[in-house]
Amino acid sequence: MAARFLWASRVASHLRISIAQRGFASVVLKDLKYAESHEWVKIDGNKATFGITDHAQDHLGDVVYVELPDLGRSVSQGESFGAVESVKATSDINSPVSGKVVEVNEVLSESPGLVNTSPYEDGWIIKVELSDAEEAKKLMDSDKYSKFCEEEDAKH
Amino acid sequence: NQSKFPALSVFRSSPRFLLSGPCFDLYSKGFKMSISRAPLMNLVRLKGTPILEQLHLEERLLRASTDNWCIVNDGTNVPTIVMGMSGKPSQLLEVGPVIKDRIPVIKRFTGGGTVIVDKSTLFVSLICNKDDVPSVQPYPRSVMAWSGSLYGEVFEGVDGFQLRENDYVFGDRKFGGNAQSIIRNRWIHHTSFLWDYNVRNMAYLKLPSKVPQYRLERDHTEFVCRMKDYIERSDFVEKTVKAVGKQFAMKEVNIEDIDSYAKGEHVKSTRLLTMEELQEAMASTSQSA
Chain B
2 MAARFLWASR VASHLRISIA QRGFASVVLK DLKYAESHEW VKIDGNKATF GITDHAQDHL
62 GDVVYVELPD LGRSVSQGES FGAVESVKAT SDINSPVSGK VVEVNEVLSE SPGLVNTSPY
122 EDGWIIKVEL SDAEEAKKLM DSDKYSKFCE EEDAKH
Chain W
1191 NQSKFPALSV FRSSPRFLLS GPCFDLYSKG FKMSISRAPL MNLVRLKGTP ILEQLHLEER
1251 LLRASTDNWC IVNDGTNVPT IVMGMSGKPS QLLEVGPVIK DRIPVIKRFT GGGTVIVDKS
1311 TLFVSLICNK DDVPSVQPYP RSVMAWSGSL YGEVFEGVDG FQLRENDYVF GDRKFGGNAQ
1371 SIIRNRWIHH TSFLWDYNVR NMAYLKLPSK VPQYRLERDH TEFVCRMKDY IERSDFVEKT
1431 VKAVGKQFAM KEVNIEDIDS YAKGEHVKST RLLTMEELQE AMASTSQSA
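These protein sequences, in sequence, are chains B and W. Just so you know, the first sequence maps onto residues 2 to 157 in the working numbering. Just so you know, the second sequence maps onto residues 1191 to 1479 in the working numbering.
If we strip away everything but chain B, and leave its shape as in the complex, we get:
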């Protein structure tokens, strides 16, 4: 747990954002936005970077394959644009906001495990050009997402 906090601190320092320490729970970074389907998004002007959260990768298990979308493809908020494979299961990755795919993380083709070891940094999945910046308002901030994860885990 201490190692994960150190890792999160280094990531946060690199990204120049602050983090929330959630004890034994998964890492949640402040200044990112979160979807209920456990994707994170970092918005930078009219571009956004997506990935899956530490909570998601922890529950999914070792990721062995990432299915990436084609460049230029449109993605819509809440809709699937790709998938990860772990523990004999394919799990949809849903788009937190709408836009057009301008970059995919090709490194994941050879190193899908980056989604587990570095979900917020090297394990980013795609970058899009936003089509509607207002959509981000529908997403959760880090505090709400932390609470959401706690409530979800408490139900099971």
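If you're looking for bench data, these hints aren't it; they were derived computationally from the structure. There's no promise every hint is true.
Stated by the list, open to error - The list that follows gives simulated cross-link-like pairs (lysine-lysine, PhoX-like), each with its CA atoms no further than 25 Å apart:
1. K1458(W) <-> K101(B)
2. K1320(W) <-> K145(B)
3. K101(B) <-> K128(B)
4. K1458(W) <-> K139(B)
5. K156(B) <-> K1458(W)
6. K1436(W) <-> K156(B)
Said to hold, decoys possible - A few chain W residues that face chain B, going by a derived Cβ cut-off under 10 Å, partial list only:
7. Q1327
8. S1332
9. R1461
Please read these numbers as outputs of a predicted model, since none were measured by experiment. Ideal Cβ positions, reconstructed from N, Cα and C, are used throughout, including at glycine.
Mind docking chain W on chain B? Use the hints.
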């Protein structure tokens, strides 16, 4: 199967009788009973349906239906190889013999490994809304814990059944290959059960690079076993339906009526590999040899 009855709760109440909708509350002097209906599951029984058709049906029901489904296919028509979403033929198959013998190769929409199925294989697929199985989180290990428990009921009394490193085994021999796909609010867990198999067909499959620890270095014939040595075929199917029926209210649906349950477009990723793809795989195998 009838609706399920949870535990009675007993309260003091005024004398009243009320019947309404899917839940009814019975009030009488000093007692209150709440009875709610178990979630519905549609049961589709198939026999000899081609596995490609079965997988297309499953993908459609997962993505374009909002109901729960149990699909049982009693054998498929011809021997067919089925790989998981990320499967690479050059790594998983003896491509030369596969091409020579014209064995169809499918890439399915779920994860997991490679199987060769035929008329002896029994298929059971469960598609569920996550909210109808609230004890299960929509993640692979949680789904498999649930399914392992369900099949534990089916194989109660059969020596050695367990879910072992995500495989269904008797002792240390695998008899069922399972895989899953999880979408936003639903998931599928499907299994191909080796009721019986042709040893010659196993020769089309390579030893995969990633194997469960309990496999050790056994080849296919030493690693798998035949379910027919442990349970009667019809017994297995009826016990499975019964086990599912303990958690759901089952309703038989004919395949001809499926269109009314699944409408609209959906992502289709299950497909038959082309001869060209298989030949490319063979070429890449030769280059790396």
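For each hint, the structure was consulted:
1. For the suggested pair K1458(W) and K101(B), the alpha carbons sit about 21 Å apart, so the restraint of at most 25 Å is met.
2. For the hint linking K1320(W) to K145(B), the alpha-carbon distance of about 22 Å falls within 25 Å, and the restraint holds.
3. Simply put, K101(B) and K128(B) have alpha-carbon atoms about 8 Å apart, close enough for the 25 Å limit, and the pair holds.
4. Between K1458(W) and K139(B), the direct Cα distance comes to roughly 29 Å. Violation of the 25 Å bound is thereby established for this hinted pair.
5. About 33 Å separates the Cα atoms of K156(B) and K1458(W), which puts this hinted pair outside 25 Å; it is violated.
6. Restraint check for K1436(W) and K156(B): satisfied, since their Cα atoms lie roughly 22 Å apart, inside the 25 Å limit.
7. Satisfaction of the interface hint for Q1327(W) is found here, the shortest Cβ-Cβ separation to chain B being roughly 5 Å, below the 10 Å cut-off.
8. With a least beta-carbon distance of about 7 Å to chain B, the hint placing S1332(W) at the interface is held under the 10 Å criterion.
9. For R1461(W), the shortest C-beta to C-beta distance to chain B is roughly 14 Å, which exceeds 10 Å, and the interface hint is violated.
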